[in-house]
Structure formats: C-alpha cells, structure tokens
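Student: Protein chains in written order, with this note's numbering: chain A, 1 to 121; chain B, 1 to 252.
There could be a bad hint or two in this list.
[Claimed, not checked] Mimicking SDA-like on lysine to any residue, the simulated pairs with C-alpha atoms at most 20 Å apart in a straight line are:
(1) A:Lys88 / B:Phe215
(2) B:Lys89 / A:Ala23
(3) B:Lys108 / B:Tyr118
(4) A:Lys25 / B:Lys108
[To be verified] Here's a subset of chain B near chain A, in silico, CB distances under 7 Å, partners left out:
(5) Asp85
(6) Gln166
(7) Asn227
(8) Ile235
FYI, nobody ran anything at the bench for these hints, they're computed from the structure. Please read all numbers here as calculations on a predicted model, not as lab measurements. Idealized CB from N, CA, C, for every residue including glycine.
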Amino acid sequence: MKKVILVADDSPTIRKFVSFALAMKGYEILSASDGMQALEMLPSEKIDLVITDLNMPNVDGFELIKTIRSNEEFKDIPIIILSSLTSKDDIELGMEIGANSYLVKPFDSKRMLYEVSKYLN
Amino acid sequence: MKQAINMSHLFEKLKDLKALFVYGEKLIPIIQSLVDFMKDTVPLLENINHSIADSTSKIPKASHQLNNVTSATELATTEILDLVDAVTKEVRGVEKSLKAFINSEEEKAKLFESLSPYIQGNPEALKIYEEIKLKVTAPQEINPLYESFTKIKDYAYNITLSLQVQDITAQQLAAVNHLIESVQDRLSGLISDLEINEVREFGNLSMPVPEGVTFDPNARYDKSDQNQQNVDEIIKAQSETTTQDEIDKLFS
Chain A
1 MKKVILVADD SPTIRKFVSF ALAMKGYEIL SASDGMQALE MLPSEKIDLV
51 ITDLNMPNVD GFELIKTIRS NEEFKDIPII ILSSLTSKDD IELGMEIGAN
101 SYLVKPFDSK RMLYEVSKYL N
Chain B
1 MKQAINMSHL FEKLKDLKAL FVYGEKLIPI IQSLVDFMKD TVPLLENINH
51 SIADSTSKIP KASHQLNNVT SATELATTEI LDLVDAVTKE VRGVEKSLKA
101 FINSEEEKAK LFESLSPYIQ GNPEALKIYE EIKLKVTAPQ EINPLYESFT
151 KIKDYAYNIT LSLQVQDITA QQLAAVNHLI ESVQDRLSGL ISDLEINEVR
201 EFGNLSMPVP EGVTFDPNAR YDKSDQNQQN VDEIIKAQSE TTTQDEIDKL
251 FS
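Based on the sequences and whatever the hints tell you, model everything.
Tutor: This is the structure in structure tokens:
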C-alpha cells in the first residue's frame with residue numbers, strides 16, 4: 001500500500017516540485033494550498049507524513065503544526081518543514097512546536113527523499 | 001498755541017506717511033520679485049502635483065503587471081515541469097525496454113553457445129555460426145546508452161532544481177508589491193493633504209494586491225548547500241541544548 005504524503009504550500013510550483021520528486025519514488029501525494037485546507041484534509045485521508053511551508057495564508061505552517069501536535073489522532077504524524085525562512089528564531093520555533101525536520105528552499109530533492117524515507121521506511 | 005501744536009502733530013504724521021511711502025517704494029520691487037517668484041513657482045508646484053498624481057495612478061498598473069509576471073512564470077514553470085516529468089518517464093520506459101532487450105540478447109547468446117558443440121566438423125555450419133555470432137548484440141555495446149540515460153535523468157533533476165527559482169522570485173516580487181503598496185498609501189495621503197481638486201480625484205485609487213499572498217522578503221535563490229547546512233547546525237545545537245536541559249532537570 002502506498003504511503004500518503006500531504007504537501008501544504010501556497011506555491012503551486014513547489015507543490016508540483018515535491019510531487020515530482022516523491023511520486024517518482026512511489027509515494028502518493030495530496031496537495032493543500034494553505035494550512036486550513038491541509039487541516040480539512042487530515043481527517044478524511046490517511047496521511048502518513050506532512051510536508052509544510054511556514055508562510056501560508058489563512059492558517060500558516062506554525063499553526064498547522066501546533067494543531068496537528070495537539071490532536072490526539074494526528075499527533076504522531078511526522079512533519080517536515082519546507083520553507084525559505086532561514087532565521088534562527090523561525091527554525092528553532094518550528095522544531096520546538098513539533099516539526100521533525102526542516103528543509104530550506106530551494107530544496108535538494110535527494111535530501112527530501114532521505115528525510116521522507118527516514119520516517120516512512 | 002493749540003493750533004501750532006496741532007500743526008506740528010500734523011507735520012509729524014505727514015512725515016510718517018512720507019516715510020511709509022519711501023519704505024513702500026523700497027518694498028515694491030521686493031513684492032514684485034515675490035509675485036514673479038510665485039508666478040514661476042505655481043506652475044512648478046502644479047507640475048509636481050500632476051507628477052505625483054500621475055505616478056500614483058500608475059502604481060496599481062505596475063503592481064498588476066508584477067502579479068501577471070508571477071502568474072505567467074508560475075504557469076510556464078508548471079508546464080516545463082510537466083515536460084520534464086514526461087521526458088523522465090519516457091527515459092525510464094526506454095531504459096526498461098533496453099534492459100528487457102539485453103536480457104533477451106543474453107538468452108540468445110547462451111542458446112547460441114549451446115549450439116556450438118553440435119556443429120563442429122561442419123565447416124559450412126561453422127561459417128554461418130560465426131556470422132550470426134557477430135550479429136548478436138553484446139551488453140558492452142549497450143552500456144554507453146545506459147550512461148546517456150543516467151545523464152539525461154541528472155539533467156532533468158537539475159532542471160527541476162533550477163526551476164525552484166520561480167518560487168523564490170515570486171516571493172521577491174510579492175515583497176516588491178508590498179513596498180509599492182506602502183509608497184502608494186503615502187502618495188495617496190500626500191495628495192489628500194494637498195487638497196487640489198484635479199489631483200484629489202486620484203486619491204482613492206485601490207491597488208490590486210491579491211488576497212492571501214504571503215512571502216518571505218529575504219527569500220534568496222541559493223543552490224548551494226550552505227543554507228541547509230546552517231539549518232542543520234541550528235537544529236543540532238538546539239537538540240544538544242535540549243538534551244543538556246533535560247539532564248540538568250533530571251539531576252536538579
């Protein structure tokens with residue numbers, strides 16, 4: 001059975017890049033254009049891992065992570081941050097609130113595959 | 001006596017009046033130059049006002065054009081990615097077919113070799129055997145093709161990596177748009193303050209900044225691994241600190 005990855009990013013090109021990199025390795029990719037859409041999708045789909053941007057409209061990545069971590073049903077889903085934010089504060093906050101990994105844009109898809117496989121294989 | 005005092009008073013007043021006229025005479029050229037200056041300045045001020053109004057009216061268009069650029073590059077990038085995806089899939093398909101072909105050729109070669117003992121002593125058959133043997137494709141002839149396919153896949157991968165520049169530039173353009181919005185707000189405020197009717201009509205211009213746009217003004221297109229290394233170091237330092245904190249807590 002294919003592992004399902006939810007990608008939350010307001011940039012359609014980034015969603016496409018991530019899908020391009022991961023679908024090739026046999027993962028099923030679901031896309032959300034912001035944190036709110038991602039939260040709506042979580043209960044209806046069996047999500048194995050979440051990749052999220054931080055700067056997003058409506059519900060940003062920080063809120064998305066906090067909400068996932070505070071929900072009994074989803075709190076154990078691995079979360080990878082994929083963001084262009086590189087300040088120490090953003091990175092530390094992202095990790096503190098419960099992200100498992102932090103990748104910087106532009107990202108290396110090999111590194112992303114490595115991080116994903118760390119949690120899914 | 002009283003009349004003399006009055007006359008003296010009158011003369012004093014006339015003197016003052018004369019002094020005033022003399023002063024007025026001196027003042028007239030200054031007033032004239034002031035009027036001339038105003039005459040010169042008013043068209044200049046009007047010109048400035050028109051320029052501000054003109055610039056303000058152009059800002060929404062500039063912003064709209066920036067948004068169009070973002071949309072166009074987004075669309076083009078998606079199309080290129082689809083093509084790269086298609087090329088990669090095709091290459092994988094050809095690679096798979098090639099592998100099947102090599103396996104088949106190897107099978108053929110083995111079968112062919114097994115024929116050899118049966119045709120020894122038959123020069124005619126041996127001659128045909130040698131001819132056919134030359135036509136069986138050896139795996140080493142195919143290997144360069146595999147190398148080419150690997151290169152094509154690497155190029156495709158690098159294209160996708162480079163195309164991420166679109167996301168970074170989109171964020172930079174959004175940051176520029178945000179700055180333009182601030183400038184427009186200031187100019188609109190200035191125009192309102194000037195209270196010149198013909199200019200004021202531009203005062204309430206709205207700018208089409210798309211809703212729900214988020215951006216990182218510091219986003220940079222940097223393909224080097226340096227940013228990721230910095231992040232990894234921060235996370236490593238953070239986790240070490242956490243561990244030390246936990247140890248301290250445990251023994252406190």
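Student: For the hint on Asn227 of chain B, just tell me whether its beta-carbon gets within less than 7 Å of chain A.
Tutor: holds, 4 Å
Student: Taking only the CA atoms, is the gap from Lys25 of chain A to Lys108 of chain B under or equal to 20 Å?
Tutor: Violated, at about 33 Å.
Student: Given the proposed pairing of Lys108 of chain B with Tyr118 of chain B, does the C-alpha separation stay at or below 20 Å?
Tutor: holds, 16 Å
Student: Given Asp85 of chain B was flagged as interface, is its beta-carbon under 7 Å from a beta-carbon of chain A?
Tutor: holds, 6 Å
Student: Do the alpha carbons of Lys89 of chain B and Ala23 of chain A lie within 20 Å of each other, as the hint requires?
Tutor: Holds. Lys89 of chain B to Ala23 of chain A sits at ~12 Å (cutoff 20 Å).
Student: Compare the distance between the alpha carbons of Lys88 of chain A and Phe215 of chain B with 20 Å, and conclude whether the hinted pair is satisfied.
Tutor: Holds. Lys88 of chain A to Phe215 of chain B sits at ~18 Å (cutoff 20 Å).
Student: Could you check if Gln166 of chain B really has its C-beta closer than 7 Å to a C-beta on chain A?
Tutor: holds, 5 Å
Student: Holds or violated: is the Cβ of Ile235 of chain B closer than 7 Å to a Cβ in chain A?
Tutor: holds, 6 Å
Violation of the numbered hints given earlier is confined to hint 4; every other hint is satisfied by the structure.
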